[in-house]
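Student: Take a look at the letters that make up each chain.
There are 2 protein chains.
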Amino acid sequence: MSFPKVTILGTGNLANHLSKALEQSGIQLEYVYGRSLDKAKKIANNLYATKATDRLDFSQADAQIYILCVTDNAIAHLAREVILPEKAIILHTSGATALDVIEQADTDYGVFYPLQTFSKTRKISFDKLPICLEASSDEAEILLESLVKKLGAVPCFMNSEQRLSTHLAAVFACNFSNHFYSIAQAILKEKGLPLELLQPLILETTQKALEIGPENAQTGPAIRQDLATMFRHQELLKEHPNWQELYSKISENIAKGN
Amino acid sequence: MSFPKVTILGTGNLANHLSKALEQSGIQLEYVYGRSLDKAKKIANNLYATKATDRLDFSQADAQIYILCVTDNAIAHLAREVILPEKAIILHTSGATALDVIEQADTDYGVFYPLQTFSKTRKISFDKLPICLEASSDEAEILLESLVKKLGAVPCFMNSEQRLSTHLAAVFACNFSNHFYSIAQAILKEKGLPLELLQPLILETTQKALEIGPENAQTGPAIRQDLATMFRHQELLKEHPNWQELYSKISENIAKGN
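In order, the protein sequences belong to chains A and B.
With our numbering, the residue at position 158 of the first sequence is 1235, and numbering never jumps.
With our numbering, the residue at position 119 of the second sequence is 1196, and numbering never jumps.
It cannot be assumed that every hint is accurate.
The list treats identical chains as one, so a pair stands whether inside a single copy or across any two.
Stated by the list, open to error - Under the rule of at most 30 Å between Cα atoms (straight-line distance), these lysine-lysine pairs were calculated in the DSBU-like manner:
1. K1227 to K1268
2. K1197 to K1333
3. K1326 to K1268
4. K1326 to K1266
5. K1266 to K1082
6. K1128 to K1116
No lab work stands behind these hints: they were computed from the structure.
Sequences and hints are given; from them, build the entire structure.
Tutor: Here you go:
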C-alpha cells in the first residue's frame, strides 16, 4: 500500500522546504495551495507531479494529509474554510498554536511542528530533525508517526502546553542568541572589527553547551564575579543604555544562577 | 635559527592547552611556572623536555617568551615579581586587561589573547584561531606575529581599547547566549523535555547568523510583532519574573532594531 498523498497549504519557506523533503522521501504531493496562484505555481513547478491551486475545495481530491504551512494568525481561518475529502487529516505546523484551534467535526486533525528555522537561501535537512506531534485520535497518531519516519525525522509526541514551552525555549536559545550576535557585531563594528573574529568562539560555545550542558559551560566575568572587568564593560556601554541594562540584568542572573 | 623557547606562567586551562599546542608546533617550552609546584608538574610532565618551577627568577633561563596564563587580577602582580633574562618579552593573555598593566622598564611586553573558550575536557584547535596581539615595540610585533603563525593561528593586531570591545562582544555572543541555553533548558525541563530537542535548531541558528549575518537572520515573534504569541509566552513566564523581564526587554529591542 502506498503512502497517502499530501497537499501543502501555504507558499512560504516552510512550504517550500517541506514539499521538497516530502517528495524526496517518496511521498507524492497532490496540490500546493496559495492565495496567490502564482506563488503556489512557483513551488508546484519544482515538484514532480503537483498541481497549484488557489481554491480551498478539496472534496474531490485524492490527498489524505493537508498541512497548513501558514502564519499563526491564518491557521484558524484556513482550517475553517478548507473543504476536505472524507478520511482526511489536517495539520498545522505552529509551535505556539494549540491543537484545538483547528478542531474539525468530521475529520482528524493534528500538529506537525518541525523544530527548525527555515529560510529561503539555506538548505535544511529533515534527517534526524525533531518534529513535535499531536493528534486528535490514535489512528492519526500512527499516521503522523509514519509520516515523520518517512522523512527520516524524529517523532516527538507532546501536548499543546509542552509545545508552547518548547517554542518559548527556542525563542530564548535561538531568537535571543541571534539578537546578541547582532549586538556583538555592532560593538565590534564601532571599533572597525568584523564579527568573523568571534566565529570559532561562537561555534565552540554552542557545541560545548550542547555537549556538556549549558549549566556546566558558563564562563565569563559574571559567573566568576570579576567586578573589575564588568565595570570596564559597563563603561564601554555607557552610550548604549539598552545594552547596558541587558548586561547588568543578565550578569546578575548568571551570578545568582537563575 | 630555531624559534625562541617559551615559558608558561600559570596552570589553568589556557596554560594546559597552549603549552601542548606550542609544543605540537615545534616550539620548545622551558618552564611551566605555578604557585603550586604540583600543578606545574602536572602540565610539564605532559610535555617533552619542560621543567616545572614555583620560582619567579628566570634571570639565568634560556626562554625568551614568557606567557602569563593567569586570572586577570594576578597579571599585574606577577608581571612585577617575575625576574626575566635580558632580551625577553612578557605577554599577558587577557581580553579585558590593557597592555600597560604589564609595562616593563627593560624588556618588551605584549598581549596574546586567543579568542576561544578553554575547558579541561574539550580539545581545542589553534588552527585558524584569531589571536589578538599588541606589543610594546616593532621588534616585539614581528616576534608575536611569527609565534601566532607557527601555531597555525591568525594574528590580529589591535589596541587595548579594541581588545576590550572584542571581549565585551564575546560576552554578549557567548557568555550570554550560553545563559539563554540554560534558561531554555530550564523551561523545557519544567515540562519534562530535554534540551537536545533544540539541538538542530541551535546549531542552524548559529551557522546561519555567521553565514548571512545576524541582522539578516533574525526570526521569531518579536521581529514579526506577533503579539498573540508574545502574550502566550509572557503568560508562561509569569512565575519567572527574571526571565519575563528579559523576554520583554529583548523583544522590545529586537522590534526596535537595536
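Student: Does each hint hold? Answer for all of them.
Tutor: The hints, checked one at a time:
Taking the shortest alpha-carbon separations for K1227 and K1268, only the inter-copy value of 28 Å comes in at or below 30 Å, while the best intra-copy value is 50 Å. When the C-alpha separation of K1197 and K1333 is checked against a cutoff of 30 Å, the pair qualifies only between copies, where the shortest distance is 24 Å, while the shortest distance within a copy is 40 Å. Taking the shortest alpha-carbon separations for K1326 and K1268, both the intra-copy value of 25 Å and the inter-copy value of 26 Å come in at or below 30 Å. Proximity of K1326 and K1266 under a CA criterion of 30 Å is satisfied in both settings, with 24 Å inside one chain copy and 23 Å between copies.
Taking the shortest Cα distances, K1266 and K1082 never come within 30 Å of each other, neither inside one copy (51 Å) nor across copies (37 Å). Only within a single protomer do K1128 and K1116 lie at most 30 Å apart by alpha-carbon distance; the minimum there is 12 Å, versus 70 Å between protomers.
Violated hints amount to a single one, hint 5; each of the other numbered hints is respected by the structure.
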